[in-house]
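Chemist: Those protein sequences? They're chains Y and C, same order as listed.
Basically our numbering = 1-based index in the first sequence + 8.
Basically our numbering = 1-based index in the second sequence + 353.
Honestly, I wouldn't trust all of these hints.
[To be verified] When the alpha-carbon atoms are kept at most 20 Å apart in a straight line, the in silico EDC-like pairs for lysine to aspartate or glutamate are as follows:
id: 1; chain 1: Y; residue 1: K30; chain 2: C; residue 2: E560
id: 2; chain 1: Y; residue 1: K608; chain 2: C; residue 2: D552
id: 3; chain 1: C; residue 1: K610; chain 2: C; residue 2: E579
id: 4; chain 1: C; residue 1: K669; chain 2: C; residue 2: E711
id: 5; chain 1: C; residue 1: K610; chain 2: Y; residue 2: E642
id: 6; chain 1: Y; residue 1: K566; chain 2: C; residue 2: E444
id: 7; chain 1: C; residue 1: K736; chain 2: C; residue 2: E682
id: 8; chain 1: C; residue 1: K418; chain 2: Y; residue 2: E642
id: 9; chain 1: Y; residue 1: K324; chain 2: Y; residue 2: D437
id: 10; chain 1: Y; residue 1: K37; chain 2: C; residue 2: D483
id: 11; chain 1: C; residue 1: K631; chain 2: Y; residue 2: D26
id: 12; chain 1: Y; residue 1: K608; chain 2: C; residue 2: E427
id: 13; chain 1: Y; residue 1: K84; chain 2: C; residue 2: E427
id: 14; chain 1: Y; residue 1: K37; chain 2: C; residue 2: E515
id: 15; chain 1: Y; residue 1: K98; chain 2: Y; residue 2: D302
id: 16; chain 1: Y; residue 1: K608; chain 2: C; residue 2: D680
id: 17; chain 1: C; residue 1: K719; chain 2: C; residue 2: D687
id: 18; chain 1: C; residue 1: K418; chain 2: C; residue 2: D687
[To be verified] Short derived list, chain C residues pointing at chain Y, Cβ under 8 Å:
id: 19; residue: G473
id: 20; residue: S541
id: 21; residue: P625
Rather than coming from a laboratory, the hints here were simulated on the basis of the structure.
All C-beta atoms in this analysis are idealised placements derived from N, C-alpha and C, irrespective of residue type, glycine included.
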Amino acid sequence: MAPATSDEEAASLPHISDNDLKPFYVLHKASSSQQHVRKPVGRTSRKVKLNLSSSLAATDESQLLDDPLHNDSRMKIFHHAWVKIDSTIKDVLHNINADVFNEINSWVQKSFRAICSGGKLEIKKVTCSYPVVTDVTSNHIFTALVITSNIEFVDDLQTFADLGGHLHSHGCHVANLSSVDFSAKSGIGGCLRSLLRQILNGSTDAADISVLASWYMEHDNFKNPVVVIIEDMDRCSGSVLSDFILMLSEWVIKIPVILILGVATTLDAPKTVLSSKAVQHLSPSKFFLGHPADRLDAIIEAVLVKHCSGFLVGHKVAAFIRNCFLRQDGTLTSFVRAVKMAIVQHFLMEPLSFTVSGLLNEEVTETDEWPRQALDLPSCLRRLSEPKSEALLSGASKMKDVLNLWSSVVLCLHEAGKSQRITLLDLYDEALDPKLYNLRNSDYLELKPDSQRPSWNHGIHGQSLETHKGRLIGRMIRQIRKQTIRNNGNLDKGTKALNEKAAALITCMTRDHMQPIECIPFHEIVCFKNVDKLQAALLGDPRKRIQLDLLECNKFLKCSCCTKSHSVPISSMHDTALMYTLSQEHGNLINLHDWYQSFKAVISQKTVKDKHKSKVSPSPKKRKITAEPQNITEASAQARFCRAVTELQIAGLLRMPSKRRQDYVQRVAFGLTFYMTLPGSVVLNSEGVESRDVHNLLEI
Amino acid sequence: MAGNQGQLGHTQHNRAQQPTSQTHPIRSKKIMDEDHDIDEDEYEFSRNYFLAKESGKSGKKSARKLSEINLVDEQDLRAEVSNIEPKHEKEIASLIDSYKSLYNEWLFELRYGFGLLLYGFGSKKTLIEDFASTALTEYSVIVVNGYLQSINLKQVAMAMAEVLWDQLKLQLRSASGSLPKSQQPFNSRSMDDLIAFLDGPHAPENECFVCLVIHNIDGPGLRDSESQHLLARIAACSHVRVVASIDHVNAPLLWDKKMVHVQFNWCWHHVPTFAPYKVEGVFHPLILAHGSASQSVKTATIVLQSLTPNAQSVFKVLAEHQLTHPDDEGMPIDVLFTSCRERFLVSSLVTLNSHLTEFKDHELVKMRRHSDGQDCLYIPLSKDALEKLVQEISQ
């Protein structure tokens, strides 16, 4: 659709400035005076806050949030915690991959020696391909197929970058390429160029392999192999990759290239992606990376169960992250991202989070004291019976003790549950549940005198014990007991007794020492619980939210004039919201004429034609007629109609009339269900037809 | 949050790799009995969808024409559009004002490596620019107007590199007193070089960002996947932070998982403003002005009247054929030639072709391939418009 206005025409409009029509412009440059001083983040924006604060009642909390000293220390501690989590995750992943990496490294060295056994070449011959290769097997490329067993290539980007780093540290010349370099569009030149850029450190732009060959002969370069890592072979253009391999095979004597291909799908992948001629030149070996679920468990253990950073998440947040992983995204990357987002949100929202350092320190000193404000935390008000000052003083060390106990029990359970294939992801989720904890306690309380029962009744919130018994931990304990009984016949008495003891120990441990974070006083300081906030920041839902904006605009605008109408179109409503509300009465095609007439009728506050009248509409409208009948000219009504249609079109809620159906626009969104907004998911358009054609869906 | 279920609920194209349970609308009743809100949503969704489909097909579909409205002249309409009296001005202003309390949070997220993605109904242009000029003064800010039709991202990257270079020079000069070695001018560098420069590990002890503000990252100029991949690569650079806005409900489809989780690393913020899309809407055709029948009839009449009477008659033959055969794909050339020769309008195919060339040049007539492989001619006008046109030229 061609733009209807020319630039000049648009420029003549009064509300548009020059900058608005430039494709881009520099808004401002960094103010040089403040440049090199690292400043706490709050400073510039606090000015903004002050302007607003007149309207806000100055509560303790907002004072605390604004306090520059605390703000500063919050930022410092946040940074500390963030760095800690980041490095912990990296370490965990590195350790998991260490064995495979070493294996690959020794294979690379072995392959290199095998190539070099052919002898060194003279420098003069080096820049032309094909020396006299008589032996057919000699132009084979040693190829490692690294099976990721994970369809989500995004999780393995870091793994391959690490692998590159690992090999580089052992002297190899490494280039990390991806499917972007092997696209049909850029062709063989594209991948060769990025290869040269990486190995020659960007000193050339020519796509010529002979440059690489002569470089390889220089200095000591020839003492080490050239390793080319292609992280996602399945996504590469087959023909380009085949050409690349054929080219390398011609040069393999002079440049001993070793290929490492990341394969997500099956071992057959090279045969399906590459041409048979290229496959002939590969001499493959296989390596297997760890399963993504194992990696996830390792990360949970290191970051969340062992609370490396002094930052923890509550049960609901853990459940949300788990659900995201299991049902929606399934990538480790998004899991890590969710944890990072949670920590950012926690430090932004919790004014007392600056005291987290009490948990971060290896040794908790007696002087570690939490500020008085901590006593106002709900968890504190509810539970503390001991003297307040004492609680503040010992709060940190107590919490640390409880958490340590909790994490040891969880890890024990994980170890015990390994035979039953219980993942830490599920176990962690359950171990955090305060309701279940209260339930478990109730088992215990039943043996106690009646005086303590009421608290138990209160705690279980009406949940029956049955649900508890079906849960993971309960099942696990029963399983251990069952083993004792089942093995009765063929096990000696000693083993039986041992098994029974183990079951008793686990029961005791879970009962006495597995106190979830949310049951500990002061937990708000270190524990992030606001799942809604996290979800909103992680997964925007424009499809639903934008429609809701329009249907419930009064919620946001809070104007007095439209308050009474509950989704009944009245003339004072925002034009576009009014139009969208009216469009809900139509099918998937909206007749422009009818739509315009009903719009005009509403804005001029006359009763709408019968067929557009919804059941509820007559009474409020009649009431409204008595207000002030507006005198709206045809031209202004049409202008407002046009603008509203344009705005709906920008929001992607309408498709413009086609040549065939000039009098209709098409509705695109039906209902508010959250869908189609997940990145990378299979896309279905409104007709339910699978389509990866984004343009079709974004068509306006 | 089983988002995918919604779309599966009403399709036969169930995908095996979907991890979630697949529900069929017929079965969804049963599932609703279980305690899932999602399934209720899903049921609601499929119900809405089928209701909309049904009401579209049933007989009560209105057949009213736009031409029945007394349409205002396009120029008057445009003038009127730019003078629309704003509604709820005060409320909108205070709504936008209320977001100022979030600036602190946004800045924090930005500094720690997230990209800000603002969405919600209403133009977010003023909001973002206000944020940039009050809270981002420590950083250089470059604004990209994604709502424009074409944007050269290489130039954007060049401008970013230049700004960053100035910033780094200043820093180095004040830190060590020595000027760094001179650089190759940025305008002769390739995109890869520019990105490598923006991603460089300069001065790790000091943070030094260029902030890229993108209005409508889902806009027409940036909607292709190549631009989005480029933007994602730029966004992933160590010296770059991105603040962007989207307006289209399906905008997230532009990105794959790598872009979302690793490169852009979006932090979403729902900030409806209800402010009019003034600049963003400028390039959209007005629905009541664009391609309306009266306009095209007017222009077509003017063109036809400037042609010879014979040419006019040939056009009329074609028009009458189209009116009497509304379901045909068009009129084959040999049929047109035969009927024109019968009426002594043309004597040879050459003369007919010269007329047709004239028509085609003025877009009065178009050519398309018939389903049986034959080329045929048609007039790209609706039935009403064509009737009106024939009437006009017959007078």
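Chemist: Can you give the numbers of the hints that this structure goes against, from lowest to highest?
Modeler: 1, 2, 5, 13, 16, 18 and 20
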